[in-house]
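Engineer: Chain by chain, the residues:
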Amino acid sequence: MKHLISPLDLTTEELDHLMNIAADIEKNPDKYAHICDRKKIATLFYEPSTRTRLSFETAMLNLGGSVIGFSSADSSSAAKGESVADTIRIISCFADIAAMRHPKEGAALVASLNSGIPVINAGDGGHQHPTQTLTDLHTIRSLKGKLDHMTVGLCGDLKFGRTVHSLINALARYEGIRFVLISPKELRVPSYIREEVLDAKGIPYEEVTSLDNALPNLDLLYMTRVQKERFFNEEEYIRMKDCYILTMDKMALAPKDMLVLHPLPRVNEISVEVDSDPRAVYFKQVQYGVYIRMALIIYLLELEDRIC
Amino acid sequence: MLSITGLHKGIVLDHIKAGRALAIYNALGLNKVNGQVAVIMNVESQKMGRKDIIKMEGNYEDLDLDVLGFFDHHITVNIVDHNEIIEKKTLSLPRNITGMIRCKNPRCISGIEQELPQRFMLTDPNKKVYRCIYCEEIAYSEE
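Residue numbers (my numbering), protein chains in the order written: chain Y, 116 to 423; chain W, 18 to 160.
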C-alpha cells in the first residue's frame, strides 16, 4: 500500500506518470467520472483549510466517489484526546483513502504507520505539503511543457514557507534548474536547504534582495505569502509583509513568457491588477490542483486498470 | 586504589569519557539485566586522563551495543570469555536510534502522541547528524 507523506516519496517517473493521468483528466473528464464509484475519501482536517480540503473533496466527487470527514479538531475525537494512530485505525474501517491535515509535524507519517488505507499528507504544520508541490509541478509542466532547464525565482518568505522548501527539493531533481532566491535577509531559505539540497547537488542559485533586478531573467516566479502565524512579533510581521509586492510596473520588467505562481491565499503580495495578466497563473494552478489530486487518488487506490 | 576483579565471561566497555558511564548504563538498560554490573568512574588513564569503565558479567548476546556509537564511538568494547579478551568490537554510528533522545521541536507530533517512540535516523554520517523521523528536526551524536 502506498502513501504520500513527502513530495520525495514519488520518483520523477511516478511524478511523470501522475501528471500524464492528470493531463488526460483535463482533456477527457468524462472518462474518469465513475472510476471511484462506491469509494470514499476521508478528509481529516484538524485545522482549517479551504482550498486544500475542498480540492480533495472535489477531486473525489469528480471521480464518482464520496466524501466523509471533519474540518476542525474541535469536531473530531481529537477534542476528547484520541491519538492520531487510533483515529486512522478507525477511519480505515470507514473509508478507502484519507487526506490528513494536522498542525503537528509528522502527524501524517504517524497516521500512515498505523493505517489500513492509503494516507495523503494534506499538510503537517510547517513541515510538508506534498500535494501543493504536485500542483506546482503539474502547473509548470502543463504551461511550460517541461520541468527542466529553467531559471526559477522564489520570492517572499523563504524561511518558513514549506511550499518553497518542497518545491526546491522537487525541482532540484530535474536538469538545468537554476534558482534565484529573492527575500529579505531575515527570511532567507534555511541553511539546511542550501547545504543539504542546493550545495550537495551542485545546483546553481543566488540569494538576492531585489525583486526588480531578478525579474528580467526568470522563467518562473513563485510568490509566497509572509505568514503572520510564523512570526512571534507583530511589529516584525508588519515591517516585513510589504517588502515584496508584485505590481504591473514590476511585471513590465519580466519576460513575456514568465509564469507567476502562488500557493494561495494571497494577502497583498500580488496586486489585484496583476490577476488579468496572462502570465498570472495562480488561479489556474488551483484547477490543476484538482486534476493532480484526482490522478493521485486513482494511483494510490490502484484503480488505473479502470481507465478506459 | 579501588580494585575490581576481572571477568570470567562478559563485556568490558572501556575508554568511556569520564562522567558518561551512568548515561550509558541507562541507555543500554543495564538496570534490567540479571548479571553483575560494575560501573567504575573517574579511573586514571594514560590516554584520556580520566575515564569510566563498565564491566558486565554474564551472557549479553542480545544486548544492542550499536547505540554506544551514538554516545561515543571511541569506546572500546571487549568481549571476554574464560578470563580472556576474545574479541574487540569497533563501534560505528547506529543508523537508527529509538527512545534515547527526545525531539526538541515543539511542533513535532512525537511531543503529544501517546506512546509514540522517539525515533531518529542517521542522515549525515560525516557530520554525525540525526533527524527525527517524524518532523526531521536535527540532532547530533552526543560525542
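Note that these hints are calculated values from the structure, not bench results. Errors might be hidden in some of the hints.
[Said to hold, decoys possible] The calculated lysine-lysine pairs, modelled on DSS-like cross-linking and capped at a C-alpha distance of 30 Å, are:
hint	chain 1	residue 1	chain 2	residue 2
1	Y	Lys195	Y	Lys365
2	Y	Lys300	W	Lys144
3	Y	Lys274	Y	Lys146
4	Y	Lys316	W	Lys34
5	Y	Lys274	W	Lys49
6	W	Lys105	Y	Lys316
7	Y	Lys300	W	Lys49
8	Y	Lys274	W	Lys106
9	Y	Lys274	W	Lys34
10	W	Lys26	Y	Lys343
11	W	Lys26	W	Lys105
12	W	Lys106	W	Lys49
13	W	Lys121	Y	Lys300
14	Y	Lys365	Y	Lys343
15	Y	Lys195	W	Lys106
16	Y	Lys300	Y	Lys146
17	Y	Lys261	Y	Lys274
18	Y	Lys316	Y	Lys300
19	W	Lys49	W	Lys34
20	W	Lys121	Y	Lys316
[Said to hold, decoys possible] Here's a subset of chain W near chain Y, in silico, CB distances under 10 Å, partners left out:
hint	residue
21	Tyr77
22	Leu80
23	Asp81
24	Leu82
25	Lys121
26	Cys125
27	Ser127
28	Gly128
29	Ile129
30	Tyr151
By construction, the Cβ of each residue, glycine as well, lies at the ideal position given by its N, Cα and C atoms.
Engineer: Using the nearest Cβ pair, does Leu82 (chain W) come within less than 10 Å of chain Y?
Structural biologist: Violated - the Cβ of Leu82 (chain W) stays beyond 10 Å from chain Y, reaching only about 27 Å at its closest.
Engineer: Given a cut of 10 Å on the nearest C-beta pair, is the interface hint for Ile129 (chain W) held or broken against chain Y?
Structural biologist: Check passed: Cβ of Ile129 (chain W) comes within 6 Å of chain Y, closer than 10 Å.
Engineer: Are the Cα positions of Lys121 (chain W) and Lys316 (chain Y) separated by 30 Å at most?
Structural biologist: holds (28 Å)
Engineer: Lys195 (chain Y) and Lys106 (chain W) were given as a pair; does the straight-line alpha-carbon distance stay at or below 30 Å?
Structural biologist: Cα-Cα ~50 Å, so violated.
Engineer: Compare the distance between the alpha carbons of Lys365 (chain Y) and Lys343 (chain Y) with 30 Å, and conclude whether the hinted pair is satisfied.
Structural biologist: holds (24 Å)
Engineer: Given the hint that Lys300 (chain Y) pairs with Lys49 (chain W), test it: the Cα-Cα distance must not exceed 30 Å.
Structural biologist: violated (52 Å)
Engineer: Would the hint linking Lys274 (chain Y) and Lys106 (chain W) be met if the CA-CA limit is 30 Å?
Structural biologist: Given that 30 Å is the threshold and the Cα spacing comes to 44 Å, the pair is violated.
Engineer: Using the nearest Cβ pair, does Leu80 (chain W) come within less than 10 Å of chain Y?
Structural biologist: With a minimum Cβ separation of about 27 Å from chain Y (threshold 10 Å), the hint on Leu80 (chain W) is violated.
Engineer: Can you verify the interface hint for Lys121 (chain W): is its Cβ closer than 10 Å to any Cβ in chain Y?
Structural biologist: Status violated, d = 12 Å.
Engineer: Checking one constraint from the list: CA of Lys274 (chain Y) to CA of Lys146 (chain Y), max 30 Å. Satisfied?
Structural biologist: It is violated: about 42 Å lies between the C-alpha atoms, which goes past 30 Å.
Engineer: Going by Cβ atoms only, is Tyr151 (chain W) closer than 10 Å to chain Y?
Structural biologist: holds (3 Å)
Engineer: Mind checking the alpha carbons of Lys49 (chain W) and Lys34 (chain W) for me, to see if they're no more than 30 Å apart?
Structural biologist: holds (23 Å)
The structure is inconsistent with the numbered hints 1, 3, 4, 5, 6, 7, 8, 9, 10, 15, 16, 21, 22, 23, 24, 25, although it conforms to all the rest.
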